[in-house]
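**Student:** Here is what each chain is made of, one letter per residue.
There are 2 protein chains.
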Amino acid sequence: MTYERENIANMHGYIPGEQPDSPDIIKLNTNENPYSAPDPVIETLRHITGEMLRKYPPPTANDFRQVAAQTHEVASDNIIPTNAGDELLRLAITTFVEPGATIAVAEPSYSLYPVLAAAHGAGVLEIQRNDDWSLPRNLAQQISDGGAQLTLIVNPNAPTGTLTSVADLKELAEAIPGVLLIDEAYVDFVDPDQGYDAIQLIGDHPNVLILRTLSKGYSLAGLRFGYGIGHADLISPMLTKTRDSYNTDLVSQKIATAALTHRPFAQKTWEAVRQERDRMVRELHAFGILTTDSHANFVLATIPGDFAGGAANLYQTLKQRGIFVRYFDLDRLGDKLRITIGTPDQNTALLNALKELAT
Amino acid sequence: MTYERENIANMHGYIPGEQPDSPDIIKLNTNENPYSAPDPVIETLRHITGEMLRKYPPPTANDFRQVAAQTHEVASDNIIPTNAGDELLRLAITTFVEPGATIAVAEPSYSLYPVLAAAHGAGVLEIQRNDDWSLPRNLAQQISDGGAQLTLIVNPNAPTGTLTSVADLKELAEAIPGVLLIDEAYVDFVDPDQGYDAIQLIGDHPNVLILRTLSKGYSLAGLRFGYGIGHADLISPMLTKTRDSYNTDLVSQKIATAALTHRPFAQKTWEAVRQERDRMVRELHAFGILTTDSHANFVLATIPGDFAGGAANLYQTLKQRGIFVRYFDLDRLGDKLRITIGTPDQNTALLNALKELAT
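Protein chains in written order, with our numbering: chain A, 1 to 359; chain B, 360 to 718.
Please keep in mind that the hints were generated in silico from the structure rather than gathered at the bench. Be aware that one or more of the hints could be misleading.
Stated by the list, open to error - When the alpha-carbon atoms are kept at most 30 angstroms apart in a straight line, the in silico BS3-like pairs for lysine-lysine are as follows: (1) B:Lys714 / B:Lys678; (2) A:Lys355 / B:Lys414; (3) A:Lys355 / A:Lys319; (4) B:Lys414 / A:Lys319; (5) A:Lys55 / B:Lys627; (6) B:Lys414 / A:Lys268; (7) B:Lys678 / A:Lys55; (8) B:Lys414 / A:Lys55; (9) B:Lys714 / A:Lys55.
Said to hold, decoys possible - If you want a taste of the chain B side facing chain A, the calculated C-beta under 10 angstroms gives, among others: (10) Pro416; (11) Gly537; (12) Leu593; (13) Asp603.
All residues carry an ideal CB built from backbone N, CA and C; glycine is no exception.
Using the sequences and the accompanying hints, generate a full structural model.
**Tutor:** As structure tokens, then:
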């Protein structure tokens, strides 16, 4: 006898990237920022008392909302703090998608989306990106024809790292009937010279919801803190109805607020990652390993079939040497590895391993 | 134009108890433990580094699961850590209740349940408790007739504090077709002399799910950490499928593990609360204010209509004096106040205020 709903019994759960515990591992498989958060952020922990934890936290994390609003030059009403970006994804599906209805995703994409849809009893319209990973020209038409109530676009995309322009997102938002969630988990690593800023869309586009997380850009994956940015009418039902009543805890609220307050430190890590990303692209190219034009803190590298036995074998060989990268045994990705940009030393260690394997 | 689902647009959100910020307030309105967690638990915060927070947390909080399993003499497979008890409630509804189906609650009860049901698009079968707040004899029949896929029983109940016996819960679990969630948010305050232990049910009753939280018993409401205890087959779909992929963060995992490890300290606070509870019942009785037989860290007090203008007025008068208690403007509760047991000084301050108001 099982008590699960049928859709739950039939679905598969999300499989996160491996989290080896050993400090000797060079961990380039789950897109963490290679640099730790600065002391003033971590010191926030030292000032939390038992008396503070004894009481319920501020239910909607209003201190954080204010700092986030200032950071992005929007109002507090445009911000919903969440238990990492994953909670916002779930809330968007819960709030805007009827069970039995459909969400749309541009593949390849974040593999959690279909899992959340399955748990909700929603269908997934998987629309393939072009060969260069850009969005297909008829995307909006496909979404409209499929009646998707929510469209999820990672930007920069994972696992490709490619960036869709704000102009294209704006056009998409205007052409589809439902909500457009722009998952900007990796946006902090976009070069400011790109002039990319999708937040400008929320004023005139009440169906645009932007996801941000402190996991990567602010070196706080262990904290589980993210937030949504959108029109107040879009934020409100999630904030006042579908969110768990105290969804973020006091400690994470305090650290997250400090992290945004000390944003200049984080910005330095973004610049350091970009410099190393450029180096990695060049050096991998010298091995005949081509990468996508990545704007994130990882590159998607195409491994030639005659290089160390191809992508799947190379993944295993590197793992045996204590270097973890990500291999997706999926359509269109079988000859590729997603490599997180690490510290210069970590990246050099990977390149040295590749040099040995290439000869 | 709204993008909300119709059931979300039509529902009302949960209204938490007031959380006044001033330290001068005597806060007896949201059932927090009046004593802070001990230093060894809080010192856990001092040992968390930026490097630890940089990486993703253990996805299923296995260290905590082990300690919880030892504490309750069950296996790790019987434990699911959650972002406070509220997440477990939502997961149970998501996992075991079809949208359009029904949950059953024994009223009066935790007012979050109907909110979670509404967000899920599920109906609520509200079954009234007896006049003495015990469960009605035909409860199982009503639940079966109503086809409820999930039954939620708070035990000790909130806001009444009354305790249902394990024998009655066992009978109920065997007589209903769906899952029985026993919400033990307040169970730590039950006198050990009662011999109450519902965890013994999970071995032979694969439909029994027990909710625990560190919010009250362990003085950690600000942390948002709870867990479910149940048959491995009941826990598994929530742990591997419907839970957000990293639902608890590293900091809360560490503190929660320390809290269970230092359980003897928490047990002393439970005993202190019980002693004060006994005193409050006696002293309130002396004012002609009768209470339920509470096994929780609060009492439900019936305010005579001629005492300070009755419950609603007394609530306001106390609030003006900086003493917050909880008033529910609801059927069967309109002449009552729920009073959290505070420190001896806080309780005495309340009694002194009542003494002034009684004359």
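**Student:** Starting from B:Lys714, check that the Cα of A:Lys55 is at most 30 angstroms away, please.
**Tutor:** holds, 28 angstroms
**Student:** Sort out whether A:Lys319 lies within 30 angstroms of A:Lys355, counting only the CA atoms.
**Tutor:** holds, 16 angstroms
**Student:** Measuring from the C-beta of B:Asp603 to each C-beta in chain A, is the shortest one below 10 angstroms?
**Tutor:** holds, 5 angstroms
**Student:** Should the hint that B:Leu593 touches chain A count as held when the rule is a Cβ pair under 10 angstroms?
**Tutor:** holds, 6 angstroms
**Student:** Holds or violated: B:Lys414 with A:Lys319, Cα cutoff 30 angstroms?
**Tutor:** OK: B:Lys414 and A:Lys319 at ~18 angstroms, within 30 angstroms.
**Student:** Are the Cα atoms of B:Lys414 and A:Lys55 separated by 30 angstroms or less?
**Tutor:** Distance of about 28 angstroms is within 30 angstroms: holds.
**Student:** Min Cβ distance, B:Gly537 to chain A: is it shorter than 10 angstroms?
**Tutor:** holds, 7 angstroms
**Student:** Checking one constraint from the list: CA of A:Lys355 to CA of B:Lys414, max 30 angstroms. Satisfied?
**Tutor:** Answer holds: A:Lys355 to B:Lys414 is near 28 angstroms, not above 30 angstroms.
**Student:** Would you check the hint for A:Lys55 and B:Lys627, treating anything up to 30 angstroms between C-alpha atoms as holding?
**Tutor:** The hint holds at about 19 angstroms.
**Student:** Does B:Lys678 sit within 30 angstroms of B:Lys714, going by the straight-line distance between their CA atoms?
**Tutor:** It holds: about 16 angstroms lies between the C-alpha atoms, which stays within 30 angstroms.
**Student:** For the pair supplied as a hint, B:Lys414 and A:Lys268, is the alpha-carbon distance within the 30 angstroms limit?
**Tutor:** Distance ~19 angstroms between B:Lys414 and A:Lys268 Cα, so the pair holds.
**Student:** Under 10 angstroms is the threshold here; is the Cβ of B:Pro416 close enough to any Cβ of chain A for the hint to stand?
**Tutor:** holds, 5 angstroms
Checked against the numbered hints listed earlier, the structure breaks none of them; every hint is satisfied.
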